[in-house]
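Trainee: If you want the building blocks of each chain, they are given just below.
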Amino acid sequence: MVTAIRSHFHSVAEAVLVSFGALAVTLIIFSAFVWLHGANPLEVLYALYQGGFATRTSLENTLTQAAPLMLTALCTAIPARAGLLVIGGEGALVIGALATVLIGVLLEGWPFLPGVIVMSLAGAVAGGLWIAAAGGLRQYRGVNETISTLLLNYIAIAVMNHLIDGPIRDFSRTLKTSSWSIPDSLRVGSLPGLDVHWGLVVGAVCCLVLWFVMRKTTFGFAVDVLGGNARAAQLAGFRINRLVLACCFIGGAGAGLAGAFEIMAVHGFANESLVVRLGYIGILVAFLARHNPLAIIGVAILLGAITASGGLLQRRFGLPDATTLVLQGILFMSVLASNAAYGRMSFLEMIRPAAVPEPVKSKEA
Amino acid sequence: MLQGVGGVALAGTAVNTTSLLSALAADKTIIGFVYEGPRQDLGFNSSLSRAAKIISDSVGAKLIEQENVPATLAADKVIKGMIELDQANVVFATSFGYWESILRLAPSYPNVLFGHMGALWKPGDPKNALGYRGYLEEPHYLAGIIAARLSKTKKIGFVGAKPLYFIYNNCNALLLGARSIDPNMQCNAIITGDWNNPVKEAEAVNSLIDRGCDVIMLNADSCKVGVEVAERRGVMSCGYHYDLSSLAPKGFLTGAEWRWEKGGEFVKAWLNKQPFPNMLRGGFKENMVAMSPYGPLVTENIRAEVEKVKQGIIADTTRIYTGPLKDNKGNEMVAAGKSISNEDNAFKMSVKSFVEGVIG
Amino acid sequence: MQEAGDLGWWGVAIAVIGGAFRVSTPYIFVSLGEVITEKSGRVNLGLEGILVMGAMSAFAVAVMTGSPWLGVLAAGIAGALLGAVHAAISNLPRVNDIAVGIALFIFGIGLAFFLGKPFTPVAGPILPHISLGAWSAFPQVRNALEINALFILGLVVAGLVYWGLKNTRWGLMLRVCGDSSDAALAMGLNVNYVRTVATMVGGFLAGIGGSFLSLYYPGGWNEGLSSGQGLMAIALVIFARWNPIYCVYASLLFGAATALGPALQTAGINENYYLYGAAPYFLTLALLIYSSSPDRLLAGAPAEVSISK
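Chains as they are written, first to last, in the working numbering: chain A, 1 to 365; chain B, 1 to 360; chain C, 1 to 309.
Mixed in with the good hints there might be a few duds.
[Stated by the list, open to error] To give a feel for the contact side, a few chain B residues facing chain C, derived at Cβ under 7 Å:
id : residue
1  : Asn184
2  : Ala204
3  : Gly360
[Stated by the list, open to error] Here are the computed lysine to any residue pairs in the SDA-like style, where the Cα-Cα straight-line distance is at most 20 Å:
id : chain 1 : residue 1 : chain 2 : residue 2
4  : B       : Lys154    : C       : Ala267
5  : B       : Lys162    : A       : Phe171
6  : B       : Lys352    : A       : Arg169
7  : B       : Lys352    : A       : Leu175
8  : B       : Lys162    : C       : Gly300
9  : B       : Lys352    : A       : Ser172
10 : A       : Lys176    : B       : Lys154
11 : B       : Lys53     : A       : Arg316
Calculated directly from the structure, the hints in this document are not laboratory data.
Cβ atoms here follow ideal geometry from the backbone N, Cα and C, with glycine treated the same way.
Looking at chain A on its own, in the form it has when it is part of the complex (with noise of 0.2 Å):
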């Protein structure tokens, strides 16, 4: 029992301990990179933390950012953890977008609970299905899940482009090419008291329910015998097939959801507004957040605060937009380097466990 409780802290720690040195090596990479462009790092690391959390319009735009992105991670994460690389969040949001319009069209005069989860339902399952497919070339075909959704994402976004250039088209809407509108009386509006959509809640709800499952559940210990030994997991028999279709449908399903909540809450119809990179922005997400969905959370207020803050870097540096995609790239290669780390620090081991202060449990991460 002991040793139990001792190494879950050090597991804890050790993650804590990495991520933050991660981060710390990322902020000093991206200070000299902007004082080599002739900005005061301070100033500039002083104007992220502004943009991104200081006032109540930087946390508002932050978490705005945020909410898709939660949503885009878990495409990657949850097959991630069953040992499957997806990088196709970016196509699952389109797909599920477009399905939350045909079926939101159809719902006129629809009261407004019923109504929005049968179209978040439409876009989730719409999403699902999609990276379900390329779950299910995997298994049974042997085609690479990386690859075909890579291709998957092109495929979507012509498919969405092809529809509302005709067959789906709004004429009304003359500047963009742009398709049919759900009901007004259906669009999601925001959260009491704060201007974030309702996508905010729907997406950390969505991790927090998935992290309680990945943990706690059969299914959950499943997947992970699965990601860390596909030969164990045999042994043991589990339907190895079952799980991957599993985990890919409920990632794709969540970035089916994040899509839906762009219609419902951001546009009200589809066009090429939705392609945005949320999906790959979701990929680094998942990694940076080591495919833990709880960690998601975090990590996408994170990244939602950086490009909430690039805005404030151009208007008061002269630093290019491009400036926070930089930044994002160096803390993704990283995080990732940052793997290296781990089980290097023998000097944890001369912390006593007795000495863990009771809140940390509950940030194991």
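Use these hints to put chains B and C onto chain A, whose structure you have.
Mentor: Same frame as chain A, now just chains B and C:
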């Protein structure tokens, strides 16, 4: 200015934290420009950025700009940030897709003026929002006249980004202008499907030249590729959005340019609490569009002829859409003996097809 | 200027063939680079970032020095450096090379957009081409056969890689590292070293592929310059079954697919252009589904590469 103070007071919580620019806020007009693309694209965004400087200089305002802002809630947040963190009291949200953001934000910030480049304002929309947009088909019509005078193959090549009313109008005007000189003129049109896809645009231009077109005009975010590829293949070209004459010293004829600085008049009126239009469409007459400087192939005779037609357009005696006119699928667009006033915005916005003579 | 010549359906065919020559060069370089990297047992999914960075560096250097060939060299060097970053991180234990590729994709694009801002509105020099169509009376044919020097260089590199993989010591080392790192260790090879060199060479070639975009076709620097050619190259390598010669064919096919939509529209067929544009993706997916099997590797696939597992 009062508006600035009002904006800050309304923002409330924003003033709690130290803003680097708060010192500037109280006594200076701050104009924010939000772009969906890079503002040096030699296209739509360059035309806006050029006007942004003119507008802010004309009222002695400080200009803040942010580019590559997607037309999602991100745009709402950027605009909000400009108002609350940077104390902007005029915001031009330039991309078509930002109109929804303006509709969401304008009621909460009655002391901020919101400008949009799509002319979508209609009665009932917020009074502190305005839309304006030039009739760019008018310079296209004149470009068509020049093309007809200089083309040897009698074929114009047109590349459009999306199947939208103004793209149709521009292409139609181009060919109708050409046909006003030579009824045998034809036009091949290609829709690429993307606002910014240089490889596809270059392929489209090459295809058109292979088809025998010897004047090229491209309607996308930037028309740089169209002008450059045409020049390299030794055919003539016209620009779009912005002055591209320097990119094709031999074959450049002219171009259709915006004059967004018209927005300066609304800003002045707003600051002086005078009335301004919430929705304005106009062409040469209202100084909202212009021609790019002529290239060397355009002779004095042609220039004089074009100038005459331009006066006709201003007087509405020369009309772009004059009957009898069919679209390229054979449906009647304008009946014989009828013509459409150059100011008839409703008709122009209803155009969903190319005119007869356009292949594509 | 140009005499009128309407070649009808032949015109469509010529435009597509010409398009294949014009558009394929970046695909050739990027896919050859990826073949070398994957043959060593690594996947670099960040080639899109390298391609874009290559395009930007090539243009910037060409504008500043006036020499497009120095630009090409700069693009290669920038690509090799980014490749080195990929390799250095992937060499660490417990690091997934695909994830590093995605990180590099974001970083490369960000860096290129960041540093490239001042070069957007600038006109730059272009690379020379060779006219092989002087025999034809039709300007369309003459233009279609204006072959860029980099395209020819790409063919040469493809031949060299094909030959080198089979017949040189380096080729053997690459293949051993790619097929079994245990065997490579047994042979006394430093697997990480070989893979680092292979990723850098792959990056060098991908960077050159980018330089074609900014220095020849369509030319100029613009943030929308690449429409995913670098990402597609990953699929293209599978499509070509890791064979450098097939990479050239597949690149030509993908190039032709880009040209098909516009060419059909000039002939009056103007429906479904988005679907034509996505044809390479549909094709690759169909080919993968057709040729894959859960029981064995794809023909030609290096066993150590994560995307073939």
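Trainee: Need the status of pair Lys352 (chain B), Arg169 (chain A): alpha-carbon distance at most 20 Å?
Mentor: Answer holds: Lys352 (chain B) to Arg169 (chain A) is near 12 Å, not above 20 Å.
Trainee: Straight-line Cα separation of Lys352 (chain B) and Ser172 (chain A) no greater than 20 Å?
Mentor: holds, 11 Å
Trainee: Are the Cα atoms of Lys352 (chain B) and Leu175 (chain A) separated by 20 Å or less?
Mentor: Since the Cα atoms of Lys352 (chain B) and Leu175 (chain A) sit roughly 12 Å apart, the hinted pair holds (cutoff 20 Å).
Trainee: Mind checking the alpha carbons of Lys176 (chain A) and Lys154 (chain B) for me, to see if they're no more than 20 Å apart?
Mentor: violated, 32 Å
Trainee: Given the hinted pair Lys53 (chain B) and Arg316 (chain A), is their alpha-carbon gap at most 20 Å?
Mentor: Holds. Lys53 (chain B) to Arg316 (chain A) sits at ~17 Å (cutoff 20 Å).
Trainee: Hint validation: Gly360 (chain B) versus chain C, beta carbon distance must be below 7 Å. Holds or violated?
Mentor: holds, 5 Å
Trainee: Should the interface hint for Asn184 (chain B) be scored as holding, given a Cβ-Cβ cut-off of 7 Å against chain C?
Mentor: violated, 12 Å
Trainee: Keeping to a limit of 20 Å between CA atoms, is the pair of Lys154 (chain B) and Ala267 (chain C) held or broken?
Mentor: Holds, at about 17 Å.
Trainee: Taking 20 Å as the top limit, are the C-alpha atoms of Lys162 (chain B) and Phe171 (chain A) close enough?
Mentor: Between Lys162 (chain B) and Phe171 (chain A) the Cα gap is close to 13 Å, so the pair holds against 20 Å.
Trainee: For Lys162 (chain B) and Gly300 (chain C), compute the direct alpha-carbon distance and say whether it is at most 20 Å.
Mentor: violated, 42 Å
Trainee: Can we keep the Ala204 (chain B) interface hint, with Cβ of chain C closer than 7 Å?
Mentor: holds, 4 Å
Hint violations for this structure: numbers 1, 8, 10, all remaining hints satisfied.
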